[in-house]
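Visitor: Sequence:
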Amino acid sequence: FKFHSITRALVEKGEKRISLAQARDIAKECQISEDDTLFTMLSEYNNIGFLLWCQDKPQAWEMVVLDVQWMLDRMTTMICIRSIKKLLRKSRKSKDLWTAVQKTGRFSAKLLPELWPELSEQERQSVVSYMEHFGLCCRLPEESCPEPTYLVPSLLPPVKAGTAIWVADAEHDKQLRIRFVHKDAEW
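Residue -15 is where the sequence shown starts when you use my numbering, and the numbers rise one by one after that.
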């Protein structure tokens, strides 16, 4: 519980997140020297809600979120229409990109510095990875969007009743195969 006490003290001092390297240093203070033990502890603390740590996304892996509400606030700015409208009004150089977000639900990675100016580039990528992990956004394939672009389902425009959402086109339609695998890799 020493790790938890140290991280709570950091939160009280205003630290909302730490890097995995910083978590390793704190773990060493707690006589935890093996990464396997640290990762197990971080996973357990994640499971009980003491912190957020995403072990299965490489970018998110590097950020240990000590204040869960802080992360929720960051995520909300990307998925909330009111936030997007506010950022559109404030933007001086990216109004066209913000307008596109509103109209299409597609979020260009070029907007991340305006969305989260207080974060470093690596931290921005970590937050986006957490959002992908939780299904709040997904990266669009490079074939369809050469520039890094994310689809944000909560920002998709409404479809009018009776409008065809999918128009069949045998030439361009691809087969979609969905396979559900349990966490233990068994069916």
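You may find that some hints are simply not true.
With a straight-line Cα cutoff of 25 Å, these simulated DSS-like cross-link-like pairs (lysine-lysine) come out [said to hold, decoys possible]:
(1) Lys12 with Lys0
(2) Lys69 with Lys144
(3) Lys94 with Lys79
It is worth saying that the hints were derived from the structure and are not from the lab.
Visitor: Against the 25 Å threshold, does the CA-CA distance of Lys12 and Lys0 hold or violate the hint?
Guide: 20 Å, holds
Visitor: Given the hint that Lys69 pairs with Lys144, test it: the Cα-Cα distance must not exceed 25 Å.
Guide: Measuring from Cα to Cα gives roughly 22 Å; hence the hint holds.
Visitor: Measure nothing beyond the straight line between the CA atoms of Lys94 and Lys79; if it is 25 Å or shorter, mark the hint as holding.
Guide: Roughly 12 Å separates the two Cα atoms, so the pair holds.
Taken one by one, the earlier hints all hold for this structure without exception.
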